[in-house]
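Protein sequences, first through last, are from chains X and B.
Residues in the first sequence are numbered from 241 upward in steps of one, following the numbering used here.
Residues in the second sequence are numbered from 223 upward in steps of one, following the numbering used here.
Derived from the structure by calculation, the hints contain no laboratory data.
Straight-line distance between alpha carbons at most 27 Å, and here's what the computed DSSO-like set of lysine-lysine pairs gives:
| hint | chain 1 | residue 1 | chain 2 | residue 2 |
| --- | --- | --- | --- | --- |
| 1 | X | K581 | B | K346 |
| 2 | X | K656 | X | K502 |
| 3 | X | K268 | B | K346 |
| 4 | X | K700 | X | K532 |
| 5 | B | K346 | X | K272 |
| 6 | X | K642 | X | K502 |
| 7 | X | K532 | X | K581 |
| 8 | X | K700 | X | K581 |
| 9 | X | K656 | X | K575 |
| 10 | X | K581 | B | K343 |
| 11 | X | K656 | X | K642 |
| 12 | X | K268 | B | K343 |
| 13 | X | K581 | X | K268 |
| 14 | B | K343 | X | K272 |
| 15 | X | K575 | B | K343 |
| 16 | X | K656 | X | K532 |
| 17 | B | K346 | X | K575 |
| 18 | X | K581 | X | K656 |
| 19 | X | K502 | X | K581 |
| 20 | X | K480 | X | K272 |
| 21 | X | K700 | X | K575 |
Okay, the calculated bits of chain X under chain B, using three or more residues with CB under 8 Å as the criterion:
| hint | segment |
| --- | --- |
| 22 | 273–283 |
| 23 | 302–310 |
| 24 | 325–332 |
| 25 | 336–346 |
| 26 | 456–465 |
| 27 | 474–486 |
| 28 | 601–615 |
Where is the CB? At the ideal position from N, CA and C, for every residue including glycine.
Listed below are the residues making up each chain.
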Amino acid sequence: MIYHLAQIAYIAAAALFVFSLYWMNSPKTARKSVMAGVAAMLLAVVATWIQPEILNHDWIVIAIIAGFVVGIPLSRVPLTAVPQRTALSHAFGGLAAGLVGTAKFYLWSSEGPEQLTAFRMGAIVAEIILGFLTFTGSLMAAGKLQELKWIPQRPVTYPLQNVSNIALLLLAVALGAVLVIDPTGPWAYIAFPAIIGMALVFGVLLIIPIGGADMPTVISILNSYAGLSAVAMGFVLDNKLLITAGALDGSSGLILSIIMCKAMNRSFTNVLFGAFGTVQASKAGDSQKSYKEETIEGAAQVLEQASLVVIIPGYGMAVAQAQHRIRELYDLLTKRGITVKFAIHPVAGRMPGHMNVLLAEADIPYADLVEMDDINSDMPQCDVALVVGANDVVNPAARYDKSTPIYGMPIIDADKARTVYAIKRSKNPGFAGIDNELYFADRTFMLFGDAKGVIGELVKQLSGSGGAH
Amino acid sequence: MTQRRILILVALLFVCTFLVIAQATAPPDSHPAAETDYWSLVLVFVLSTFIGLGVVARVSRLLHTPLMSITNAISAIAVIGSIIVTGSDYPTDIRILGAIALFASMTNIVSGFLITDRMLKMFKEDRKEAKP
Numbered sequence: 241m242i243y244h245l246a247q248i249a250y251i252a253a254a255a256l257f258v259f260s261l262y263w264m265n266s267p268k269t270a271r272k273s274v275m276a277g278v279a280a281m282l283l284a285v286v287a288t289w290i291q292p293e294i295l296n297h298d299w300i301v302i303a304i305i306a307g308f309v310v311g312i313p314l315s316r317v318p319l320t321a322v323p324q325r326t327a328l329s330h331a332f333g334g335l336a337a338g339l340v341g342t343a344k345f346y347l348w349s350s351e352g353p354e355q356l357t358a359f360r361m362g363a364i365v366a367e368i369i370l371g372f373l374t375f376t377g378s379l380m381a382a383g384k385l386q387e388l389k390w391i392p393q394r395p396v397t398y399p400l401q402n403v404s405n406i407a408l409l410l411l412a413v414a415l416g417a418v419l420v421i422d423p424t425g426p427w428a429y430i431a432f433p434a435i436i437g438m439a440l441v442f443g444v445l446l447i448i449p450i451g452g453a454d455m456p457t458v459i460s461i462l463n464s465y466a467g468l469s470a471v472a473m474g475f476v477l478d479n480k481l482l483i484t485a486g487a488l489d490g491s492s493g494l495i496l497s498i499i500m501c502k503a504m505n506r507s508f509t510n511v512l513f514g515a516f517g518t519v520q521a522s523k524a525g526d527s528q529k530s531y532k533e534e535t536i537e538g539a540a541q542v543l544e545q546a547s548l549v550v551i552i553p554g555y556g557m558a559v560a561q562a563q564h565r566i567r568e569l570y571d572l573l574t575k576r577g578i579t580v581k582f583a584i585h586p587v588a589g590r591m592p593g594h595m596n597v598l599l600a601e602a603d604i605p606y607a608d609l610v611e612m613d614d615i616n617s618d619m620p621q622c623d624v625a626l627v628v629g630a631n632d633v634v635n636p637a638a639r640y641d642k643s644t645p646i647y648g649m650p651i652i653d654a655d656k657a658r659t660v661y662a663i664k665r666s667k668n669p670g671f672a673g674i675d676n677e678l679y680f681a682d683r684t685f686m687l688f689g690d691a692k693g694v695i696g697e698l699v700k701q702l703s704g705s706g707g708a709h
Numbered sequence: 223m224t225q226r227r228i229l230i231l232v233a234l235l236f237v238c239t240f241l242v243i244a245q246a247t248a249p250p251d252s253h254p255a256a257e258t259d260y261w262s263l264v265l266v267f268v269l270s271t272f273i274g275l276g277v278v279a280r281v282s283r284l285l286h287t288p289l290m291s292i293t294n295a296i297s298a299i300a301v302i303g304s305i306i307v308t309g310s311d312y313p314t315d316i317r318i319l320g321a322i323a324l325f326a327s328m329t330n331i332v333s334g335f336l337i338t339d340r341m342l343k344m345f346k347e348d349r350k351e352a353k354p
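In isolation and in its complexed conformation, chain B is listed as follows:
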């Protein structure tokens, strides 16, 4: 428990230090288009992690395998990044990388959700519902 807290604290400290350095070393005349509101991104990350920890801690132990396959499918949300890289008006070699990434994410989405559903169908409370 304490080890986990220390790990989280260290990670947070690391992120903050990095941001401060990033701030300090950023060229003062940087293009406004490249500005990122990174503090709000970090906030989203921290809050989502806490929500994730809270929700996942309550997941039934029976379902840890389906949990892993569904979170796998969920993190294949990388698909939207791949779509942007593949579909935008970028040089061809960059779009090829995007298309491979899109293929990989799409595979995860399709197989992740399908196999999760397949596994969850098998969990039955008692024998009567089960087909002989």
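Next up, chain X with everything else stripped away, as it sits in the complex:
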């Protein structure tokens, strides 16, 4: 009886998970998706917990309480830290899958060889490889995003990197295959931990050559892996709800990675195996072009005269926490009857949708957040394009310069605006180490300084002159 109840609860939970994702198609219905997700999760947990084979409750209670104790503060991080938090939760997901796979292996091998069927062993191997590589890979990604000092920010490359990485993964898979054929051989107790070790090392090696600009794609791929490791756990435990939920996560990660790759005109393999930004980093120094600078007063005057202003945010806005100042600027300009739009490039920031969340946090209505493809046709009519901490996504070299690593990447046509103001922290090239031609264009003027400070000055200037009217 309880078994059947649980199955019904699992089916309901699976349906609710699908609805949960379905409601994410519009911000109007999106909050329902959290409700549906929570309801599904409660159903699934309760239905599992009341099963007769669950005899020990104390540890479950302790672990759940510990989960709340750690989870609640993790949900209160500033929104600029959301990419790190997301990477960290991918790591937790991978760890859970890896540990359950490990537990099941030792359990079944102690119960007897007939328990470790080839199917179960194969699923366990897939689960631990995916789980543990996601664990260390995501930890590395989180560390890079958090800008921890002991993790190199720039991509690290060395000779034969890809060959040795792939060889390591293949070796782990091959050991796994041997385990599938003979899961209880005398050396299985060495082979199994060896696979875990290799997966852990592979996760680290996979992320070391990846630079900040590729983080949106990498986070999406890790999201996919975390989902797939849950699927593998479902195969191990013979549980269809796990497979369904894991597959939803896996396919979501896959779609996001495809969108991110398209937005950079690169392939999966190129993101994972072609370290970005190392080619040009050395070359950038020898160009002797000069910037034209603009004063705050001058920029404020031009902004006042505009009728369409397009703000192009990038990772620099997140770093400087400039979104609230930008809203003040948005308020002042819209009050004067100026149309202000935000042009959002899919890979702006460090994870998919990063800019949208930050601007929504600053109370900017989402109707004014415009996708790259939709805003580009309006750019020639745009009076002022204000680039706030964005770099590669507005670099016109992507259109024609085959020697640059960003060649072919779709960009926001900031250079077509009548005037471009670019706010930049320093005169050094951006994260990808590529010189940005936009900064040297005839109609571009630089505003050097911290994004928050510069926008704050602009706001002060504009509100001052507004009061004089």
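The hints should help you fit chain B onto chain X, whose structure is shown.
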């Protein structure tokens, strides 16, 4: 597009080959308790993936960050596997692994849903609803 199709096909082929090998190498006298109806599991996986691709492709681009945090919480459904391993009458060391996994999944569930809700609250259609 074609690249994606090839990837999916290769993955499917891989799974099928693996299953056939698993079938062929399984000991003929294997214990009936260890039988798994793995074809139906594979079917569930394939169908769920297609549903996932269909549904996620329609998710608003505005919401990609909340999407990632909610799918993260959803895939923490690994919690039910962890509960089984932690709560069953297994040796202590195995249950310790389960408890750590349960803690990790629970953290994802709690923080994933809470932060998704926190982000979604911020999306407003126009300024009037927004608090000053």
